[in-house]
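Peer 1: As a plain string of letters, each chain reads:
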Amino acid sequence: MVARNSDGKLISRPLSPHLQVYRWPISMALSIGHRATGIGLAVGALLLTWWLVAAAVSDNAFDSMQWFLATPIGMLLLFGWSVALLFHFFAGIRHLIWDAGYGFEKPWYDRSGWAVVIATAVATVLLWIVGLAVW
Amino acid sequence: MANTPRIDIMRSPLGRARGLGAARQGAAHWWAQRLTSLALIPLTLWFLCAMVRMIGASRQDVVSWMAGPLPIVLMIALVIATFHHLQAGLQVVIEDYVTQDWLRIGSILLIKGLSVLLALACIISVLRLGL
Chain A
1 MVARNSDGKL ISRPLSPHLQ VYRWPISMAL SIGHRATGIG LAVGALLLTW WLVAAAVSDN
61 AFDSMQWFLA TPIGMLLLFG WSVALLFHFF AGIRHLIWDA GYGFEKPWYD RSGWAVVIAT
121 AVATVLLWIV GLAVW
Chain B
1001 MANTPRIDIM RSPLGRARGL GAARQGAAHW WAQRLTSLAL IPLTLWFLCA MVRMIGASRQ
1061 DVVSWMAGPL PIVLMIALVI ATFHHLQAGL QVVIEDYVTQ DWLRIGSILL IKGLSVLLAL
1121 ACIISVLRLG L
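Top line first, the protein sequences correspond to chains A and B. Here our numbering is used: the first residue of the first sequence is 1, the next is one more, and so on. Here our numbering is used: the first residue of the second sequence is 1001, the next is one more, and so on.
Hint data in this document are derived by calculation from the structure and do not stem from the laboratory. Please read these numbers as outputs of a predicted model, since none were measured by experiment. Any given hint might turn out to be false.
[Claimed, not checked] Far from chain A by the CB rule (all over 10 Å, computed), these chain B residues: (1) Ile1007; (2) Ala1027; (3) Ala1028; (4) Ala1067; (5) Val1098; (6) Trp1102; (7) Leu1110.
[To be verified] Each pair of labels, with its calculated beta carbon distance range: (8) Ile11/A x Arg1053/B: 57 to 67 Å; (9) Gly101/A x Ile1007/B: 35 to 45 Å; (10) Val1073/B x Pro17/A: 29 to 39 Å.
[Stated by the list, open to error] Pairs of lysine to any residue, SDA-like flavour, derived with a Cα cap of 20 Å: (11) Lys1112/B x Arg1034/B; (12) Lys9/A x Pro1042/B; (13) Lys9/A x Arg1018/B; (14) Lys1112/B x Ile39/A; (15) Lys1112/B x His1084/B; (16) Lys9/A x Val1098/B; (17) Lys1112/B x Arg35/A; (18) Lys1112/B x Val43/A; (19) Lys1112/B x Asp1096/B; (20) Lys106/A x Ala121/A; (21) Lys1112/B x Leu47/A; (22) Lys9/A x Ala1017/B; (23) Lys9/A x Lys1112/B; (24) Lys9/A x Ala1032/B; (25) Lys1112/B x Ala45/A; (26) Lys1112/B x Gly40/A; (27) Lys106/A x Ala45/A; (28) Lys9/A x Thr1099/B; (29) Lys1112/B x Leu48/A; (30) Lys9/A x Leu1120/B; (31) Lys9/A x Gly1068/B; (32) Lys1112/B x Leu46/A; (33) Lys106/A x Phe90/A; (34) Lys9/A x Gly1015/B; (35) Lys1112/B x Ala1077/B; (36) Lys9/A x Trp1102/B; (37) Lys1112/B x Ala36/A; (38) Lys1112/B x Trp50/A; (39) Lys1112/B x Pro1071/B; (40) Lys1112/B x Thr49/A.
We put the CB at the ideal spot given by N, CA and C, even for glycine.
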């Protein structure tokens, strides 16, 4: 890879092996998932913006928003958003625990990773059961 | 004066003048990301409960809900924390993958500008609904 050193000169730096070389341990999958859901949630923030602005603007704007969310594509977006939000929520708590200096031992590392996966699945199912019941 | 304290600077003066390398704002950026994520734990839980209650709501329902003192405050707090966290996170992603200077700096500035505008749109909408 071509980069610049601190003098501003162009030099070529060695590349480390990329993703396809490695096994996929749970922590690596979750790390990638955390970043991917973070990017997805940025798109989800557009949905929140649309919802709030539509509600503030007019009945028509709000109704077309509600109509769109009830279409299959809207429902799929909402479902993806809820999964991403809950995953990023639980994985984020795991990151905060690391930031506080805990949880680096390998058994805990793997177990907390699976806990994030299970918590995400359970919370998503619960959210949608309650949501569909209310609807 | 044999024991005069001194600091060895490994970077060349030219490198420092060009501004390549750390911008010395990493710690503040890192800390802001953590603080917003901490704030977003209770705010997200509240938001999910609120959104479940808003399923199938009419616009009038949203207006009367937002008129309460708690929803208007928490929604604005959620919007600020969310967009601050979002632009900080996307900045890191862009810095990791985009190597061309103009594209990296341009896209980070674009993300930051859009985040400010969208957050303002959200806040003004919440105020219009709730006030």
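Peer 1: Does each hint hold? Answer for all of them.
Peer 2: Here is how each hint holds up against the structure:
no.	hint	result
1	Ile1007	holds, 17 Å
2	Ala1027	holds, 13 Å
3	Ala1028	holds, 15 Å
4	Ala1067	holds, 12 Å
5	Val1098	holds, 13 Å
6	Trp1102	holds, 14 Å
7	Leu1110	holds, 12 Å
8	Ile11/A x Arg1053/B: 57 to 67 Å	holds, 58 Å
9	Gly101/A x Ile1007/B: 35 to 45 Å	violated, 29 Å
10	Val1073/B x Pro17/A: 29 to 39 Å	violated, 50 Å
11	Lys1112/B x Arg1034/B	holds, 18 Å
12	Lys9/A x Pro1042/B	violated, 48 Å
13	Lys9/A x Arg1018/B	holds, 12 Å
14	Lys1112/B x Ile39/A	holds, 14 Å
15	Lys1112/B x His1084/B	holds, 9 Å
16	Lys9/A x Val1098/B	holds, 19 Å
17	Lys1112/B x Arg35/A	holds, 18 Å
18	Lys1112/B x Val43/A	holds, 14 Å
19	Lys1112/B x Asp1096/B	holds, 17 Å
20	Lys106/A x Ala121/A	violated, 23 Å
21	Lys1112/B x Leu47/A	holds, 18 Å
22	Lys9/A x Ala1017/B	holds, 14 Å
23	Lys9/A x Lys1112/B	violated, 30 Å
24	Lys9/A x Ala1032/B	violated, 34 Å
25	Lys1112/B x Ala45/A	holds, 14 Å
26	Lys1112/B x Gly40/A	holds, 17 Å
27	Lys106/A x Ala45/A	violated, 35 Å
28	Lys9/A x Thr1099/B	holds, 15 Å
29	Lys1112/B x Leu48/A	holds, 17 Å
30	Lys9/A x Leu1120/B	violated, 42 Å
31	Lys9/A x Gly1068/B	violated, 60 Å
32	Lys1112/B x Leu46/A	holds, 14 Å
33	Lys106/A x Phe90/A	holds, 19 Å
34	Lys9/A x Gly1015/B	holds, 10 Å
35	Lys1112/B x Ala1077/B	holds, 18 Å
36	Lys9/A x Trp1102/B	holds, 17 Å
37	Lys1112/B x Ala36/A	holds, 19 Å
38	Lys1112/B x Trp50/A	holds, 18 Å
39	Lys1112/B x Pro1071/B	violated, 26 Å
40	Lys1112/B x Thr49/A	holds, 16 Å
In terms of the numbered hints stated before, the structure departs from hints 9, 10, 12, 20, 23, 24, 27, 30, 31 and 39, listed from lowest to highest.
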